[in-house]
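For the record, the sequence lines run as chains L and U.
Count along the first sequence starting at 1, add 279, and that's the number in the working numbering.
Count along the second sequence starting at 1, add 279, and that's the number in the working numbering.
Treat the hints with care, as some may be off.
If you only want the chain U side, here are some residues facing chain L, beta carbon under 7 Å, derived [stated by the list, open to error]:
hint, residue
1, K315
2, G436
3, E516
4, W518
5, I542
6, M549
7, N577
8, P582
Calculated lysine to aspartate or glutamate pairs in the EDC-like style (CA-CA distance at most 20 Å, straight line) [what the hints assert, rightly or not]:
hint, chain 1, residue 1, chain 2, residue 2
9, L, K578, U, E540
10, U, K315, L, E579
11, L, K350, L, D523
Here are some chain U residues the structure puts well away from chain L; computed CB gaps all over 10 Å [claimed, not checked]:
hint, residue
12, D283
13, S292
14, Y311
15, S391
16, D478
17, C481
18, R497
19, P502
20, H551
21, A552
22, E553
23, E569
24, A571
25, K578
Calculated directly from the structure, the hints in this document are not laboratory data.
Ideal Cβ placement from N, Cα and C applies to all residues, glycine included.
The primary structure of each chain is shown beneath.
Number of protein chains: 2
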Amino acid sequence: MAVDYAAQILEGSHRAAARLISWLEDEDERAYECMKKLYPHTGRAYVLGITGSPGAGKSTLTNGLAREIRKSGLKVGIVAVDPSSPFTGGALLGDRVRMSELAEDPDIYIRSMATRGFLGGMAKAAADVVKVLDALGKDVVLIETVGVGQDEVDIVGVADTTCVVLVPGLGDAIQSMKAGIMEIADVFVINKADRPGADMLCAETCSRIEMDAHLRERGWLAPVKKTVAVEAEGIDELWLAIEDHRKFLLESGRFYQNRRERISREALRMIHAELFRVVREQLEKSGRLEAAVEKLMNKELDPYTLMRETVTEWLSSSRCERRHDEDTQS
Amino acid sequence: MAVDYAAQILEGSHRAAARLISWLEDEDERAYECMKKLYPHTGRAYVLGITGSPGAGKSTLTNGLAREIRKSGLKVGIVAVDPSSPFTGGALLGDRVRMSELAEDPDIYIRSMATRGFLGGMAKAAADVVKVLDALGKDVVLIETVGVGQDEVDIVGVADTTCVVLVPGLGDAIQSMKAGIMEIADVFVINKADRPGADMLCAETCSRIEMDAHLRERGWLAPVKKTVAVEAEGIDELWLAIEDHRKFLLESGRFYQNRRERISREALRMIHAELFRVVREQLEKSGRLEAAVEKLMNKELDPYTLMRETVTEWLSSSRCERRHDEDTQS
């Protein structure tokens, strides 16, 4: 008889959760059935995104936050997204090892995800894993990711509250803030705040936030919190700031609105991923891709025409449903 | 009367190329028509990818290579892909300014691309821009990108030869090489080779290459070249190594094979992007997405079922095309 992993996950089995996440990674059909069963039990966990450049100390901060949150008895899940970069892969591997110090607490579940091997992108994969931890009964799910590239920024889109971690001495913070960071940050963390330049960075960040008209309209000015994560300094205040943001979201109605937008984004992402999987399979199996590539090589066809024609064909065949009905009725 | 930008680009107009690339960035319909016309004139440029972690000196190296290549009279195009990271955006901006020193040479065309705003991903966008510079008559197109994240690794997939830039003292090089870098590197560059640790890094890289059975099978062992890009040292030898790789590709038949694979990948990627555009539009316009989101919010529906049902519908309507034909014939 098949083991009911969904039921086990709902009872809090870390082992069953690990199995399901592996299935998700392998695009195993069993994951699909299991996720369907879990979905009605999701949406309860508060999701916290932690992002920042490599070397900002995100892992230590994440560990510290997990410990702080555990003090109030809440259960914690951690999803560490490793961008599988050829350049940073090694360093992140080290972080995972450091994380294992938390692994003894049965109410903390940590899962690190390599991003390779997930069709449909990291953001979809992260959203799936968050749902598993949510169904597992974790009250707070932390997603830790390196904020480089659009894909990684999308991951944070899964979070209710996003903390952006800055450190003194890592390049021109003010410059960097122009490029989209202001929109995603709900709370700024100046980590390694015992380093020279921390007060300056803090002041610059604050003034940048106050100057931003768009942010004022949003009704929430991101607080800037100083931490020294390795010394566990400032983590309690950071958690209070996060709780403040949660209250703001709930009281302003933004919580519901954000979740709705997230669900919409996720649905589109999933439909797109599945559709492409099917289209690709059909193009490859039928030999049509191969034939098209031959023509593209010989310049008898251009990829822009191929793209339009392929998609139009799917579209028009979608319209034919009606034509077919009319034909058979007449 | 409409200006024929495709014709102007084929005559070498940088201004027309800049216009077309802006259209590509804006997803302007005119770009599509123009790219169709240019496609038969592409495939001539040799494409060189330059990747490495932030701070490896890629921009200076790219500039140096451009100057070296110009010595033999070849025309050069440079595509600098800026991952638009909230964290590194500022630093890369500085690189672009440094690049402007080359801008006086009319046979060098430089374009930096922010990755936001390109639907369909960076790799597709980079491939499009390379085609424009190719049609513009550039003999060698250099793509410079920060090698962080899968998306950026995909960009390098556009290149015929990929140079991976390492520097002494930037983390554990041997660790990082485990994570996929060996497969993408055709030539290794140890830049800032006047720094302590350069010889060690060079020796480690060489031994790592020699140990790799998979690489030996490929028939090409990536050479390791030392440069000091800011002093223009070693650039000539690097260019010779790149030319060696080009000869290897041509003589082994890998050149044709790689290009074929690239065209296949690109075609799929374009279909992927177009499919998303169209599906999204249809689901949004028809109000079906909105209705589904309502049900998802209330847990009356789960996104996995939605995904399968939506795609199955597209599929069955695709099959109905044949049924329709049969019906009308009978």
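Taking the hints in turn, this is what the structure says about them:
Look at K315 of chain U: its Cβ gets to within about 5 Å of chain L, closer than 7 Å, so that hint holds up. With its C-beta approaching chain L no nearer than about 13 Å, G436 of chain U sits outside the 7 Å limit, and its interface hint is violated. Proximity of E516 of chain U to chain L is violated relative to the hint, the smallest CB-CB distance being about 24 Å (cut-off 7 Å). Taking 7 Å as the C-beta contact cut-off toward chain L, the hint placing W518 of chain U at the interface is violated, the least distance being around 24 Å.
Annotation: interface hint on I542 of chain U holds; nearest CB of chain L at approximately 5 Å, less than 7 Å. Residue-level restraint check for M549 of chain U holds (minimum Cβ-Cβ distance to chain L is 4 Å; threshold 7 Å). Taken as an interface hint, N577 of chain U does not check out: its beta carbon lies about 10 Å from the nearest beta carbon of chain L, beyond 7 Å. About 5 Å separates the beta-carbon of P582 of chain U from the nearest beta-carbon of chain L, less than 7 Å, and the hint is met.
For the proposed pair K578 of chain L and E540 of chain U, the alpha carbon gap of about 15 Å is at most 20 Å, so the pair holds. Taken as a hint, the K315 of chain U and E579 of chain L pair is honoured in the structure, with Cα atoms around 11 Å apart against an allowance of 20 Å. For a cut-off of 20 Å, the pair hint linking K350 of chain L to D523 of chain L stands: about 18 Å separates their Cα positions. Listed as outside the interface, D283 of chain U is consistent with that label: its C-beta sits roughly 17 Å from the nearest C-beta of chain L, beyond the 10 Å cut-off.
S292 of chain U, annotated as away from the interface, keeps every beta carbon of chain L farther than 10 Å; the closest lies near 21 Å. Non-interface status of Y311 of chain U relative to chain L is broken: a Cβ of that chain comes within 10 Å, the nearest being about 6 Å off. For S391 of chain U, the non-interface assignment is confirmed: its Cβ lies about 13 Å from the closest Cβ of chain L, beyond the 10 Å cut-off. Every C-beta of chain L lies more than 10 Å from that of D478 of chain U, the closest at about 21 Å, which supports listing it as non-interface.
With 10 Å as the threshold on Cβ separation, the claim that C481 of chain U sits away from chain L holds: the shortest Cβ distance comes to roughly 18 Å. Taking the minimum C-beta to C-beta distance to chain L, about 17 Å, the non-interface status of R497 of chain U holds against the 10 Å cut. The beta carbon of P502 of chain U sits about 18 Å from the closest Cβ of chain L, which is more than 10 Å, so the claim that it is off the interface holds. With a cut of 10 Å on Cβ distances, H551 of chain U falls inside the contact zone with chain L, its closest approach being about 5 Å.
A552 of chain U, annotated as away from the interface, has a beta carbon of chain L within 10 Å; the closest lies near 8 Å. The beta carbon of E553 of chain U sits about 5 Å from the closest Cβ of chain L, which is not more than 10 Å, so the claim that it is off the interface is violated. Annotated as non-interface, E569 of chain U brings its C-beta within 10 Å of a C-beta of chain L; the closest such distance is 8 Å. With a minimum CB-CB distance of about 6 Å to chain L, A571 of chain U fails to clear the 10 Å threshold, and the non-interface call is violated.
Here K578 of chain U does not stay apart from chain L, with its beta-carbon only about 5 Å from theirs, under the 10 Å limit.
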